[in-house]
Each structure stands twice: as structure tokens, then as C-alpha cells.
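Trainee: Here is what each chain is made of, one letter per residue.
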Amino acid sequence: MESTLEANPESEAPQSSIVTATGLERIYGEGEAEVRALDGVDVAFEKGRFTSIMGPSGSGKSTLMHILAGLDKPTTGKVRVDGVEITGLDDGELTQLRRDKLGFVFQFFNLLPVLSAEENILLPLSIARRKPDKAWVDEVIERVGLTDRRTHRPSELSGGQQQRVAVARALVTRPAVLFADEPTGNLDSKASEDVLQLLRGSVDEYDQTVIMVTHEPDAAAHGDRLIALRDGKLVHDAPPVSADAVIELLKTLA
Amino acid sequence: MLSLTFKNLWARKWRSLMTAVAVVFGIALVAGTYVLTDTTNGAFDDIFVKSNEGIDVAITSRAQVEQQDGSTPAFSDKYLKKVEGVDGVKIAAGSLFSQGAILDSEGDSTGGGFAPQFIASELPEALESLEVVEGHRPEKADEVSLDQAAADRSDLKIGDTVQLVGTGKATPFRIVGLTQLGGASFGGTSIAQVLLPQAQKLTGKQGEFDQISVQADPGVSPEELRDRITEVLPKDLRVETGAENAKRSSDDIRESLSFLSIALLAFAAISLFVGSFVIFNVFSITVAQRTREFGMLRTLGAKRGQILRTVLIEGFLIGLVASIVGIVVGIGLAKGLSAVLSAVGADLPTKALVIEPRTIIVSLVIGIGVTLVSSLIPALRSTRVPPIAALSENIVIGGKNRLLLRSIVAALLTVLGIGLIVSVLASGSEGGNAALQMGMGALAVVIAISIFSPKIVRPAASLVGAPLERIGGLTGRLARENSQRNPSRTAVTAAALMIGLALVSFVTIFASGLNSSVTKVIDQDLKGELTLQGPGGFNPISIKAVEAAGKVDGVEDASAISFSQVKVDGGSKSLSSVDPSTINQVMNIEFDDGSPQDLTNLKDGQVIISKDLSDSTGASVGDSISVLSQTGKKPNLTVTGVMASGNLDLLGDLVVTQNEMIRTFGVDTAFFALLKVAPGQDVNTVQKRVEDALDKPFPTADVLNQDELKDSQKQQINGLLAMIYVLLALAVVVSLVGIVVTLILSIYERTRELGMLRAIGMSRRQVKRMVRYEAVITAVLGALAGLILGVIFAFLLGIPLESEGFTLSYPIVTLLFILLLTAVAGVLAAIYPARKAAKLDVLEAVSYE
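Protein chains in written order, with my numbering: chain Z, 1 to 254; chain R, 255 to 1103.
To be clear, the hints were calculated from the coordinates, so they are not data collected in a lab. None of the values given here were measured: they were computed from a predicted structure. Errors might be hidden in some of the hints.
Stated by the list, open to error - Selected chain R positions facing chain Z (in silico; Cβ < 7 Å):
no.	residue
1	1013
2	1014
3	1016
Stated by the list, open to error - Footprint (simulated), chain R over chain Z, 3 or more residues, beta carbon under 8 Å:
no.	segment
4	103-110
5	113-121
6	125-132
Every residue, glycine too, gets a C-beta built ideally from N, C-alpha and C.
Start from the sequences and build out the full structure, keeping to the hints where you can.
Mentor: Shown next, in the form of C-alpha cells:
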């Protein structure tokens, strides 16, 4: 079960794209109640870039991220992550994919209350029964500013600190893609800024690929690229200019 | 609000059903017990009413002292003349109805297990209640009629031969008729009828009757005739109308069977007690999970009382459904119980199941009551939810500040429980009351432990979880942490299991102690290498069989020992008789005052008593004590020795000569006999010779060497143990259901957490393993606590029995096996929750709120 997923040499995507989605449709329900959460989305994400996904409620932004991360399956269309076609994988293969290639940061931190900060950070490695790279672990913990909080339990940490633990947990496996689902949705502005700086830094310093869903213009402004969805369709794809410009963009979408 | 309750229940129907299961088993056992005993009693009523048909007045003897087999002494046939002389008697006849053995021509018994077999005499047509369904009544000395059920059981037909064994040699009879009692069932009991003189000869009651039956002249009422007959007969004969006799016989049976329903109801109570832990846990967790909902209801204007009511109504409805299901299951169980009883040899008579309104009412009241009481504390907690809970993420209610109260209550209960136990030990009292007090003490300790156990859970789980962490790494670690996360939840779940396991280990240790004590007594105190006993060791054997065994080549001595219940100072005591000339060759009896030589010197009119009896009556050597025999005689016997205690009371409280036993106490059969093999003779060869010598004339006598005797004793103990295990299994299963429900609820609570774990790479297998380990930790915690408690209780209860020669022994291997079995049960309990946890959709789990 420890077999790693190998990249498909016949990859059609350009070399620089680490995640590609083609012809994504996701339909919930049937007949009258049919909802087209995604209605024909084609999108590719380049390695080492920080992309924000925005859109009003029901635009399909969360669905898109879930499908890219293999948490949900598209009705039609294909997703390729780091050269692996993921839409046909079974649960075991998806688990392996998450161990090898994906990192997650959630809105509600989702730390294990019974483990210390450091244990939470090492959790993906323990689950996969891999030996941690001591130097890298120390560097990640140092980088998220938790060196003096290693032994603290989540309940002894502030919300911002908890989310930094979550970011460290996502970085510790050096994933091909880091998915962040509203990572600042539960934080005050100071803590939000810290977390966003961390994500930005991971892209700049470690060439990390980050895909983040957010509804906060400030957050989106930290990215290299902003894509926006509306009614399940991709309606905007450009580098963000400023938070104010993002607010204007959202107004036109709403 | 009521419709909300219904909707809530429906939305959580699986959880509610699982909760109900906690009560269903207990209620099923309650209802099943009632149905079983009502049905059995009803069947006996049928038997006695039918067997008294045509009989206006019945004359029997009064047993002055109740005997263990319930028999009454026979009385002289001279009274028949007196009865016949009474004005208004149309017909009167004496009859016999005594326990004996009915064997087919191969020597195999026609009955099953403990069910008695009766040798009866034929009555005149007018008074006879058994109807002939095939053939005819016995008319000649060598003819017998057999009840049809017994004949069917043993595949006997008219013309076949059966052997009847009473107090003498086996005698062959030819079956000429098959009978039945108006379609009534006898269970495993069989009846053989022969002519009166033959019956008297077989049962050793020459010139005696067990009963005189009378039919009145037309116009004379049974009551009137009863009164007239009473006047001419001595007081020790009981004169009743047929209806009175039937009623008294039924009542006697009811009373002697009541131990069965008491025992079964005790197990039902244990199961319900365990179930109440499960219900408490489920409601606690449910209330905690619905904190937000309660807060929301409060913001909408719901009063505390309304919140309380919704939770309690849920409890009521669950209790109601559980009770109804329990009653239905119980009715089925009644049949099952009866099958279990007949499997262990107690084949009770049956008829169509009797379901009294009382059965339904009691079951409903108990089922609903237990559920309501168990849900009361969680329900009260729900009323403390503030409206703000509707808005905030995690509000924890109740708990912390009550630690002091908890500790005080737990400490008080422990003191009370141990006090009760110690006071029983100190007072040295014995019997049912002492056991009840001890039971209450044990119960108090159990409750105290359950209250205090949340404090113990953390360190204990670390201990139990350590090996799992070593094997399972992270999953083991997380499982352990999860079990410690909510200590009171784990504690209650484990405590439920603890109760069952404490009882299981207690009876296991106790039975093992009993086995080893019996073995010890056989090894040390029985010098006779061979034992002669009746079928199953319960039925008497003929003195003649003992005499015949004594004549076999290689047998040096054959010493018969008989028993009878007598009364001393109004208390029922067990009296034995020995053969003074041989008893010291076959048995090793120690004396407190005197020596074994006193046994050899024992004369008629003398008695040797136990230390216990000497202590309680103050009688010592040289004193004279008055003993009431079953036949109503009141001899004064001179004490010539006092036996030491400590050999399981092999000879009871009083020992007299064989002659005295026959003459004064009316027992002319042996309960068992010990044979001393002559020096230099091979025991097995002699055993074979004795068997051969007795086989034809005394087919019911068994010859056992010491190993076989130990085995037969062990078999009896283990048979009883097996039945207790089956009944305790109910309580254990209930507590396992508790583990299942608690796990499911915990998984539900941790949905998001599980989703995260899956998202960062935990496989389904790992999730399953984690849940399984948690179940194992809880199960082993409960089992360990139960084992420790069981050992302590067995130790405490063993102390007062030590003086009677009871020594505890700890079956370590068995106990470890029980521990292992519980761990496996934990794994089984985790199957469904683990599957549920592994199936959790990662996406749903992450986006779950």
C-alpha cells in the first residue's frame, strides 16, 4: 500500500502545469432539482504559483477545489495532478495521492486536540509511517514561528497559532499542491495576515504550489493569479491588482 | 414540542433502537421468567386438579420436617379400616406414590435428568385419575402400566419389559397398558403403576400407604366427610378435601419452584442495571451533542421545563418500545428457558404459554422506569443549556464543579459497601440474608467505583493502551487519546462491562474454589477408594446394594451413609447415619471434642454433633439433645462427641447409627456408600467386580472410583456454572451494545476530525484500526476492573466459608482467557462503528459543521 503513484509520461498538459482540469461538470440532483455546480470548467495551475479562487456563494468555487483535490468526483471531465489522472482512482489510491502529493489547510484548523502542536504537524508523516526529515521539520516550525510552542496542545494556542500549525502540517510533506479552503475565514485581520504571509512565503521560498478558495479580497490580493467563478463557469482569470480592484470585480459578479 | 420529540426520535432512530436494546434483554428475561413460571405452575395446577378428580377426601401424613426431596413419610394401612367405617364413605382405598427408578430392559432410565420417576399403586376404577389410552390396567403381579410420554421417550410398547427399582433389587414387569392424565404434561417425570402389594414391596412400605383416597356417598359433601374422618384419625394424619389437596400440592410446588424465578429475576436485574449505564451514556452524549439545538430552543422562548420534558419523553418512548419488544422477546424466551432447563435435566411440565396481565404490567413499569431514571441526570443537564449556546461553537455544560460531590458520594458508598460486607463477616452469620447483605455491599462498591472511575480512566487507559501503541503506532496512540478524551464516557461504558465481568470472574473463581475444595475433601477425607451412589448422585440406593457390594471379593468394608432432615430447637438440620463398625475405615473425620473412636463406639440413642451445632445450641459431650424426626418422633439423644468443622460437612450436623436412622427417622435407604478396597487389591479390578455384581440386581447403583467421583462433582458444579454464564452473558452483551453505541456517537462527534485525518492521508484501514483499538481499550479496561472486583468479592465471600473447609483457588489461566475473550469482544463490538467511520465521506466530513 506504500506504492507511490507514478507520473504518466504521456501527459498532455504543458510541463509547467501541475494541476489540470478539463471539461469539468458537476451536477447535483436530477430533473427540476438539478443544480449545475460546475458547468464546463477548463483550468490549469502552474507549479510554484499562488492562485486564489473566488466567487459568490453557489458559484462553484468550493466544488472546484474539492474536485481538484480528489475529495469530490466530477460528473464529467478530467483532473490531472502532478501527472496523475485522479478522476478514476479508488479510495486507496486517493489516500496514497493525498499522502504523496497533497496538503490541506481548512477554515476550522482541524487539529487533533489530543496531540501537541509538533505532533499535529508530524501527523501526515506518522499516518504514512514515514520518517520525518528533522532539518526540514525544524525549518518549517521555525518558519511558522512556533518553535517555542511545540509542546502546546491546540487548546493552549490562539486561533492564528492553530492555523499556523495547520499550515506547517500541510508543508511538512512538501506536497505537490497545497489546498487552502477559506484559511482566514475564522481569523482576525492580524492572524489572517500572518497566515497569508506564510502561504505567500512558501510559494516564494520553496516554490510551493498553493490553490486557495477565499471570499476575502485582502486574501485574494496575496496571490499571483485570481480566478473567479459564477454559476459554475470560469468568468475571470488574471493576476490580482489590489484588494480594491478585487472588491470591484466581485461587485460585477454578484 | 411533542411532535419535535417524535421527529427527533425518528431522525435518530438507529441510535434510539440501540438504546432500547439495553433494556430489551433485561425486560425479556423478566417477562420470560414470569411466563415460564406461570406456565409451569399452571401445568402443575392441571396435574393436581386432574389427579384429584373423583376424590372427595384425601388422607396423607404430615411431614414434621420438610425433606429435601419433598417426600412425606408413609403411614400404617390400619387406618383404612377406620376410614371405611366412617358414615358417608362410599369407597376408600390406600395407595402408594413413591420415588423410584423405571428402567428399560437394557437398564437405561426412562426419565431425563433430575425429573423424578414414581412407582405408584393401582387404585379402584372410581378413584383412579390416570386414564388408560392403550391396553389395560395391571391385573397380575408382574404387570405394569406406564405413562404414555415416558413410553414414547424410551420407545417402549405394550408387551415390553421394564425394571422397577425401589428400595430393593430391580424387579422386571411387563407393560400391559399406557396411561395419561387427561392430556396434562408431566415434563420429564414418569409414572409406573403396579398392583398395591407389589408397590409396597418395591418401595419397602409393606403395610403402609402414602395416601388414602375417599369418595363420598351421594348427598354427603366433601367438607362434611372430611370433618367426620378427621375425628377418627390421629393428628399426624392430614385429612383434606380433594380440592384442598390439589391446592396445597400446587402451592408446595410453587414455593419450591420460586427459587427459580428469584434466580432468573436476579439476572434480569443485573442486565437492567448494566443497561441503565448504557442508557445514561447515550442520553448524556446526545444531550451534549444537542447543546446548540437546546440553546436555539431557549432563544425561541422554550422554558427549562419544556427542554426537560422533551428529553424525558424521549426516554419514556424508548422505554415503552423497549418494554414492548422485551415482552414479545420474553415470551419467546420462556420457551428457550424451558429448553435450557430441560437441557440441564430439569424438564418441567408445560402447557400453552400463560401470559398474565401482571407480566405485562410489571415489564412495562420496570422497562420504562429504568429508562426514565437513567435518562434523568442527562435530562436535567439539558436544562442548564443557556440560550447563548445557540450561537457559539463549543459550550461545555455541567461537570467540573461536581468533582467534590462525586468524590464524597463515592467515598460514602465505598465505606457503606465495605461496611456491609465486613459486618456480615464479623457477625459470622450465614445463609440467604448474609448473602443478600453482601450482595448489597458489593452493589454499593460497584456504584462507587462507577462514580469515581472517570478519575481512574486516564492512567488506566494509558496502561492498557501502551501495548497497542507499540503495535499500532499512531493509530494506537490516537485510540488511546480518544478513550481518554472524555473520561466519564469511557468510564461509564467500561463500568457497564465491569459489572458483568466482575460477576463472571466471581462465579468462575468461586466454582474453581468449590471444585478444588471438593477434590481436597475427596483426597484427604475419603479413605474408601470406591463410592456407591444412585443415579446422578441425587437418588438413594438400597441398603441391600451396599450389603451386596460388601460381599464382593476384594472389598474389605462397605459403609452406607444415609441422610434425613430433622429439627433441633426449631431449626432444620441435616442428620446422617453411619455404620459405626466401618465408618472409620472409609472416612477421615476430625474431632473437636472426642476422637474418631467415638464413631466406632456410637450406640443407638447416641449422637455425634458438629462444632456449629454445639456452638449454636450450647450442647456438649454428655448433654442430651431433643431431635424432631420427619415421622414426628422426638427422641432425646446423648452427645458423645463433637466433630471439627472443615470437611464441607460431609456428615451434616448430627450423626446417629444406621439402626437409629431406620427405627426413629424412617429412612431405610442409603444416600451413598464408601467401599474400602482390601490391601494389595487393584482398585480398578475390584471396581469392575463390584459393577458386575450389582449390575443385574441393582442397575441404578453407580460405582465410582475417586477420579470419577471428582469428575461427577465437577460436572455438577460446571453444569450450574455454564447456566450462570449463559444468564450473565445477557448483561455482558448489553454492555457490549453500550460500547457499540458509544463508539458510534463518538465517531459522529468527531466527523470533522476523521475527515481531516482522511484528507491528510489516513487510509480506511487505519481509521478502522483506530476505532477498533479504542473499543479494545474500553473493553479491556472494563474487564480488568471486573476481574479485580471479582477477585476481591470472591476473596471476601470465601472468608466465612473457610471454616467449613472451603478453600479459594484462582484459576489464573481461565481468568486470562476471559480477559482475552473480552478484548476480542471489543474488536467485534467495533466492527460496525469502524466500518461507519471508514465509510465517512471525506468531503462531507470536511465541510461538516
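Trainee: Report the numbers of all earlier hints that the structure fails to satisfy, in ascending order.
Mentor: As far as the earlier hints go, not one is violated by this structure.
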